[in-house]
Amino acid sequence: MGARRLARIIALQTLYEWDFKDKKENVEEIFERNLLEFAPNLKEKEFSRELIKGTVENLSKIDEIISKAAPQWPIEQIANVDRNILRIGVYELLFGDQKAVPPKVAINEAIELGKAFGGENSGRFINGVLGAIFREMQNL
156 MGARRLARII
166 ALQTLYEWDF
176 KDKKENVEEI
186 FERNLLEFAP
196 NLKEKEFSRE
206 LIKGTVENLS
216 KIDEIISKAA
226 PQWPIEQIAN
236 VDRNILRIGV
246 YELLFGDQKA
256 VPPKVAINEA
266 IELGKAFGGE
276 NSGRFINGVL
286 GAIFREMQNL
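Mind the numbering: the sequence shown is residues 156 to 295 in the working numbering, read in order.
Treat the hints as calculated values from the structure; they're not laboratory data.
Each residue gets a CB set at the ideal place from its N, CA and C atoms; glycine is no exception.
Label pairs and their computed distance ranges (CB to CB): (1) Q227 with N196: 37 to 45 Å; (2) F272 with I230: 12 to 20 Å; (3) E183 with G286: 27 to 35 Å.
With a straight-line Cα cutoff of 25 Å, these simulated SDA-like cross-link-like pairs (lysine to any residue) come out: (4) K178 with L191; (5) K198 with Y171; (6) K216 with E201; (7) K176 with E201; (8) K208 with F175; (9) K270 with L249; (10) K216 with A234; (11) K254 with L214; (12) K198 with E183; (13) K259 with Y171; (14) K223 with N263; (15) K208 with A255; (16) K208 with G251; (17) K270 with G157; (18) K208 with M292; (19) K198 with M156; (20) K270 with D218; (21) K198 with F250; (22) K179 with L191; (23) K216 with Q253; (24) K200 with R188; (25) K179 with R204; (26) K178 with W228; (27) K198 with V182; (28) K208 with E187; (29) K259 with G278; (30) K178 with I164.
Sequences are here, hints too, so could you generate the full structure?
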């Protein structure tokens, strides 16, 4: 497994736990605990930290974008895993460094996370939502 993929998994795990606990626990503490337990030698630690920090800082904008791209799925009704994969994907698409992570790579990585950690239809759902957001980006 690549270092960036593992960094995304740690970010997902951290955001999942933070969201599950109603955002009441310090996300940085959750990240440090996950890092220590699951990836103490992670080479892309700062990339993972950036995904978490950027997602949390832009959370309301990200959730609004997801809501517009998937109006039939209110944000709180999207499964916690899928919701946080989408959040990371939207962060990478709209707020991240597109030279370091091109949009199609961000979408593909999110789909792969959905297939690995989500439900049976997560990959397709994530692809549909992020694909719609990407098409909208192209029209701006």
